[in-house]
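A.B. asks: Each chain, letter by letter, is given below.
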Amino acid sequence: MKRSRIPFFTTLAVLVFFYLPLVILSVNSFNDSRYGGPWNGFTVRWYVRLFQDRQIWHALQNTLIIASTATLVSMVVGTMAAFALNRYRTRLQMVHYGMIYSPLIVPDILMGMSLLLFFVALNVKLGLVTIFLAHVTFCISYVAMVVLSRLQDFDFSLMEAAQDLGAGHWTAFRRVMLPLIMPGIAAGGLLAFTLSLDDFVITFFVSGPGSTTLPIHIYSMMKHGAPAVINALSVILLLVTFVLVSASRTMREKIQ
Amino acid sequence: MTTLSKKKKHEGLITGPSFFWLLIFFIIPTLIVFAIAFKPATPFGGIGEGWTLGTLFDLRNPNYPAIIWRTVWLSLVSTVVCLLLAVPCGYCIARAPKRLRDVLLLLVIVPFWTNFLIRIFAWKVLLHPEGMLKQALVFLHLCSPDATLLYNPFTVLLVIIYTYLPFAILPVYAAAEKFDYSLIEAARDLGASQFRAFTRIFLPGISRGVWTALLMVFIPALGSYVIPDIVGGPGSEMIGNKIAQRTFVDRNLPHASALSALLTLAVMVPLMITLVNHYRQPVVQRKGKGAAQ
Numbered sequence: 001m002k003r004s005r006i007p008f009f010t011t012l013a014v015l016v017f018f019y020l021p022l023v024i025l026s027v028n029s030f031n032d033s034r035y036g037g038p039w040n041g042f043t044v045r046w047y048v049r050l051f052q053d054r055q056i057w058h059a060l061q062n063t064l065i066i067a068s069t070a071t072l073v074s075m076v077v078g079t080m081a082a083f084a085l086n087r088y089r090t091r092l093q094m095v096h097y098g099m100i101y102s103p104l105i106v107p108d109i110l111m112g113m114s115l116l117l118f119f120v121a122l123n124v125k126l127g128l129v130t131i132f133l134a135h136v137t138f139c140i141s142y143v144a145m146v147v148l149s150r151l152q153d154f155d156f157s158l159m160e161a162a163q164d165l166g167a168g169h170w171t172a173f174r175r176v177m178l179p180l181i182m183p184g185i186a187a188g189g190l191l192a193f194t195l196s197l198d199d200f201v202i203t204f205f206v207s208g209p210g211s212t213t214l215p216i217h218i219y220s221m222m223k224h225g226a227p228a229v230i231n232a233l234s235v236i237l238l239l240v241t242f243v244l245v246s247a248s249r250t251m252r253e254k255i256q
Numbered sequence: 257m258t259t260l261s262k263k264k265k266h267e268g269l270i271t272g273p274s275f276f277w278l279l280i281f282f283i284i285p286t287l288i289v290f291a292i293a294f295k296p297a298t299p300f301g302g303i304g305e306g307w308t309l310g311t312l313f314d315l316r317n318p319n320y321p322a323i324i325w326r327t328v329w330l331s332l333v334s335t336v337v338c339l340l341l342a343v344p345c346g347y348c349i350a351r352a353p354k355r356l357r358d359v360l361l362l363l364v365i366v367p368f369w370t371n372f373l374i375r376i377f378a379w380k381v382l383l384h385p386e387g388m389l390k391q392a393l394v395f396l397h398l399c400s401p402d403a404t405l406l407y408n409p410f411t412v413l414l415v416i417i418y419t420y421l422p423f424a425i426l427p428v429y430a431a432a433e434k435f436d437y438s439l440i441e442a443a444r445d446l447g448a449s450q451f452r453a454f455t456r457i458f459l460p461g462i463s464r465g466v467w468t469a470l471l472m473v474f475i476p477a478l479g480s481y482v483i484p485d486i487v488g489g490p491g492s493e494m495i496g497n498k499i500a501q502r503t504f505v506d507r508n509l510p511h512a513s514a515l516s517a518l519l520t521l522a523v524m525v526p527l528m529i530t531l532v533n534h535y536r537q538p539v540v541q542r543k544g545k546g547a548a549q
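First to last, the sequence lines map onto chains A and B.
Each residue of the first sequence is one higher than the one before, starting from 1 at the first, in the numbering used here.
Each residue of the second sequence is one higher than the one before, starting from 257 at the first, in the numbering used here.
Bear in mind the hints are in silico, worked out from the structure with no lab data behind them.
There are no misleading hints in this set.
Capping the alpha-carbon separation at 30 Å, the derived lysine-lysine pairs in BS3-like fashion look like this: (1) B:Lys434 with B:Lys354; (2) A:Lys125 with A:Lys223; (3) A:Lys223 with B:Lys390; (4) B:Lys295 with A:Lys125.
Put together the whole structure using the sequences plus the hints.
C.D. replies: Dropping the structure here:
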């Protein structure tokens, strides 16, 4: 039977649409013209300028501190939440599920705004700590959802088998369940880490003086000129993303 | 009885951390937004004493209906376009041979993980008055040298679609991958046209994925702020821009809260519907498993 070719051509067009701006951006990062106009010759000076920019390094450092701490905390809290949601079917868990699910859907600007008002109402000084608190808040939900989907595939008879063979509840959990769930927790952590690295809107609302993160720095560079340096930075971030995504996909295939 | 209370204790212990964290940093702040919408503003950018309905009356400002209308139509149109593109893409990826499917999926996931400021900025470079696209269009006599491709609502629409399309493709793909394609063949054998088999068999079969895709585009689009801020002009502001402007430029927090409360209510309706749908699903599956045992 002849299949329609429309889906194939749509997909092709969509991929061109996805990558055309990114390719032009990458090409422009080697263009020796300040505003990315007509081709002015090949240069790497934007990359050199980028590596000499101290503010970028400082912003990167802040970003990494927040992303790693927020990931650690949200991995622990989110995994516990996923276990609770998977194990119990009570009214409390129904409310709990709603609380975990809502931050995934609510637009960033609302979350940023409400947290800003919360910190202002409590007279908390805005800075790295408030950014950390905000990031943990949205990361918990992502970790919980990823781990929960892993738990739903888990065969609980394995736990019973371990206990029948004499393992205590804790031993069975630690030696049987945890290793099988670990890839899910790691995947949730990776997602939380990336989301924290990338977050701009929520961070923008709850950041204070001296707590500039990389996305905030990129935004201010966009607003106040220096487009050529952003091109160079974008190319590096794109490469990092590409390597991370490919690596996590190969890792997952190896596990399966 | 003791096992019951022990179970309760265990449930409380593992539910507690996330429950209280989200109560403190998500639920209470959201309630504060609604409360501050009824507070007066002080001239120094603070929040005044007492309660007032004045802030809500300020929302009748003649600019707002236009901005709200623009926010709604931009979100609706971008959602429709994303779905129209995501369904054939999801289908194509799901039906591709394994190796090609992995490549296609990777190509969709990379933009999904790429920093969204950079993806927006890429369009600014592309559409820049001196940028390559503009030069090419002028060269081909497709647009006049002084036309501006940036800073209008259609650019905002284009970039919203660009930003959220991967979020629509992935859930549609996930549903299309599980779909049983022999059903389509059966429909065709029974005389259904290709189009009819598609609308009556395939679409209902992947409805859950389509529904998720719809929410993943529509709700964030309603809250767009960075996209109109970077590629839009004064004539393409959305509610999100007004919230940010009231917060950072005018420092009128009650006003920003009133707008946020409005947006929260708008988002609440589709959110509640999904929540009910999602929560019901696993319960039903679970009951089915229990009955089978």
